[in-house]
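Engineer: What follows is the residue order along each chain.
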Amino acid sequence: MSLQARLELTLGDLHLDVDIAVATGELVVLLGPNGAGKTTLLRALAGLIALDSGRVVLDDVVLDDLEKRVRVPTERRPIGFVFQDYLLFPHLSALENVAFGLRARGMGRAEARRHAAAWLQRVGLADHARSRPAALSGGQAQRVALARAMVADPRLLLLDEPLAALDAASRGEVRRDLRRHLASFDGTRLLVTHDPLEAMTMADRLVVLENGRVTQTGTAAQVSAQPRSRYIAELVGVNLFRGQAAGHSVRLAGGGALVSADDHQGEVFAAVHPHAVALHRREPEGTPRNVWAGTAETLEAAGDRVRVRVAGQVPIVAEVTPAAAAELRLADGGPVWAAVKATEVNVYPA
Amino acid sequence: MLFVVPAVLAVGFLAIPLVGLLQQAPWRHLAGELAEPQVRVALRLSLECSLGAVGISVLIGVPLAFMLARVDFPGRNLVRALTTLPMVLPPVVGGVALLLAFGRRGLAGQWLDRAFGITLPFTTAGAILAEAFVAMPFLIITTEAGLRAMDRRFEDAAATLGAGRWTTFRRVTLPLIAPSLGAGAALCWARALGEFGATITFAGNLPGTTQTMPLAVYLALENNLQAAIALSLVLLVVSLAVLIALRDRWFPTA
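So the protein sequences, as listed, match chains A and B.
Per our numbering, residue 1 is the first one in the first sequence, and the count goes up by one each step.
Per our numbering, residue 351 is the first one in the second sequence, and the count goes up by one each step.
Check each hint, because a few of them may be wrong.
Unchecked claim - Ranges between beta-carbon positions, derived for each pair:
#1 A:SER184 x B:LEU432: 55 to 65 Å
#2 B:LEU524 x A:ASP177: 31 to 41 Å
#3 B:LEU524 x A:LYS68: 31 to 41 Å
#4 B:LEU585 x A:ALA134: 33 to 43 Å
#5 A:LYS68 x B:ALA499: 32 to 42 Å
#6 B:GLY467 x A:GLY108: 42 to 52 Å
#7 B:LEU432 x A:ALA183: 57 to 67 Å
#8 B:VAL446 x A:GLU67: 57 to 67 Å
#9 A:ALA134 x B:ARG515: 23 to 33 Å
#10 A:ASP177 x B:VAL438: 55 to 65 Å
#11 A:GLY108 x B:LEU401: 27 to 37 Å
#12 A:ALA134 x B:GLY467: 51 to 61 Å
Hints were generated in silico from the structure; no laboratory data involved.
The structure presented is a predicted model; accordingly, all values stated were derived computationally and were not measured.
C-beta: ideal position from N, C-alpha, C; glycine also.
Construct the entire structure; sequences and hints are all you get.
Structural biologist: In structure tokens:
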């Protein structure tokens with residue numbers, strides 16, 4: 001493992017208590033809602049915020065060790081940081097911005113400018129070397145920020161919402177470029193985002209941060225298949241329940257029960273995809289093992305489907321075709337039955 | 351309607367003296383008046399002293415502004431009050447205080463005299479000191495405001511790029527607060543250039559040594575009205591220039 005960080009700190013209302021490890025060459029994406037502490041964690045790793053306790057080790061070099069009173073100042077950490085709004089120095093040209101880190105680390109002026117120019121070329125901005133940041137588009141500024149962070153060959157690259165400041169139109173293209181440049185970097189990479197699409201498409205591994213704590217970690221596929229918090233469940237659009245399993249039956253924490261094809265014991269999560277939920281106006285008979293009575297509440301379009309929120313003892317979201325929604329007159333609300341086959345209930349230990 | 355009459359009165363009250371000055375100005379002989387040796391000496395001395403005062407203010411005032419803006423030291427508010435005191439203090443009182451402190455028998459003056467043989471009262475250095483005493487607060491206040499308004503995350507960015515504190519200050523902080531620093535220096539200079547009370551009290555009125563423009567104007571009023579008006583015009587032009595240079599800062603909406 002190339003980055004190993006165990007740290008605790010309090011900043012205002014936020015209490016951050018995190019244990020995180022990132023391998024060399026791995027791109028870990030920190031995903032979490034606003035205010036979860038993602039940016040604070042990056043700033044702490046960069047040494048911009050003091051820890052209350054903990055230990056941070058990068059490539060066998062101790063950066064922080066509160067017990068041994070070790071704290072390497074930010075300017076001596078081998079890191080590159082891409083800030084959310086880039087923070088390009090407004091009084092310097094693109095070239096001077098990129099050369100800044102090399103100059104600050106003692107490289108001669110001419111050599112630093114040559115290196116910086118090569119990097120600008122690499123990110124496709126050779127023509128904008130003399131431009132001030134104010135004259136650059138969002139995507140261009142982002143690439144300058146990336147070049148500036150990577151030019152001094154850091155061992156740890158920290159990226160704070162690198163696409164958040166861009167408009168939706170340019171985001172796709174910039175994301176592709178960013179992936180390409182990140183792929184060429186051989187050190188440790190940690191990227192923060194609150195955009196699930198960005199997280200899923202870029203990450204080797206996801207670390208989900210909520211309220212200052214890591215709630216889940218794994219590949220995009222693992223995390224979306226077995227969400228472990230309401231936040232993730234809503235991001236990936238599944239119904240998440242928590243309860244006590246005894247064999248095929250799960251007694252839900254909020255009351256009610258459901259039946260699964262899996263066999264489990266103890267505290268479990270149960271995930272149900274909305275498209276696996278069938279809605280009926282009359283109590284259905286036949287194969288589904290899970291049937292709950294409820295009330296159709298809100299309807300919203302989701303692609304070519306309609307999402308229906310069903311309130312009741314077991315609140316659940318169903319996804320049906322517009323035709324079915326019309327036929328069942330779901331827009332009128334009123335009582336419905338939600339049915340889920342036991343084989344569609346995915347149960348895993350909590 | 352109720353306000354129009356007093357408002358017009360106020361404008362007139364502020365404008366009439368300027369009109370009077372312009373109307374009485376010896377426009378034809380202006381160049382000649384300004385070329386008079388006595389006037390030229392006062393001009394040059396004023397320039398030297400005021401720029402010297404700005405230099406001292408930048409050298410020690412900017413670090414103080416930085417401390418006031420960034421370091422939470424005990425007694426910070428007291429220090430800030432102390433640094434702004436010369437702005438409200440009658441300049442003549444400042445001059446008396448300077449005389450008592452830096453005079454030959456004064457607290458610091460005694461020591462300066464004994465240790466280095468330096469005497470300040472009635473010297474050009476003394477005039478510079480008097481002007482700096484009165485003008486420095488303008489630089490400190492404006493610079494501190496600039497430092498507080500600046501986005502400090504630029505300094506964080508510099509640190510992540512390997513820049514130590516001094517490099518960061520020199521290459522990031524200073525350029526970013528340059529507009530505030532420039533405005534502060536301009537105000538400081540204008541104030542130093544017009545300084546009268548503290549200078550005449552502490553440094554006296556010696557032609558060529560401590561007789562700066564305002565002092566020369568006052569003296570010339572008695573024997574050479576034309577020269578006094580010419581010098582006043584120069585000071586007026588400088589004030590207007592500073593005002594115009596800083597107008598976007600003070601009246602951003604206008």
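Engineer: Work down the list of hints and note, for each, if the structure agrees.
Structural biologist: Quick rundown of the hints versus the structure:
1. A:SER184 x B:LEU432: 55 to 65 Å: The hinted range 55 to 65 Å holds for SER184 (chain A) and LEU432 (chain B), with Cβ atoms some 57 Å apart.
2. B:LEU524 x A:ASP177: 31 to 41 Å: holds (34 Å)
3. B:LEU524 x A:LYS68: 31 to 41 Å: Holds, since LEU524 (chain B) and LYS68 (chain A) (Cβ atoms, about 36 Å apart) stay within the stated range.
4. B:LEU585 x A:ALA134: 33 to 43 Å: Holds, since LEU585 (chain B) and ALA134 (chain A) (Cβ atoms, about 38 Å apart) stay within the stated range.
5. A:LYS68 x B:ALA499: 32 to 42 Å: The hint (32 to 42 Å, Cβ to Cβ) holds, given that LYS68 (chain A) and ALA499 (chain B) are roughly 39 Å apart.
6. B:GLY467 x A:GLY108: 42 to 52 Å: holds (46 Å)
7. B:LEU432 x A:ALA183: 57 to 67 Å: holds (58 Å)
8. B:VAL446 x A:GLU67: 57 to 67 Å: holds (59 Å)
9. A:ALA134 x B:ARG515: 23 to 33 Å: Since the Cβ atoms of ALA134 (chain A) and ARG515 (chain B) sit about 27 Å apart, the hinted range of 23 to 33 Å holds.
10. A:ASP177 x B:VAL438: 55 to 65 Å: holds (58 Å)
11. A:GLY108 x B:LEU401: 27 to 37 Å: holds (35 Å)
12. A:ALA134 x B:GLY467: 51 to 61 Å: Given about 55 Å between the Cβ atoms, the range holds.
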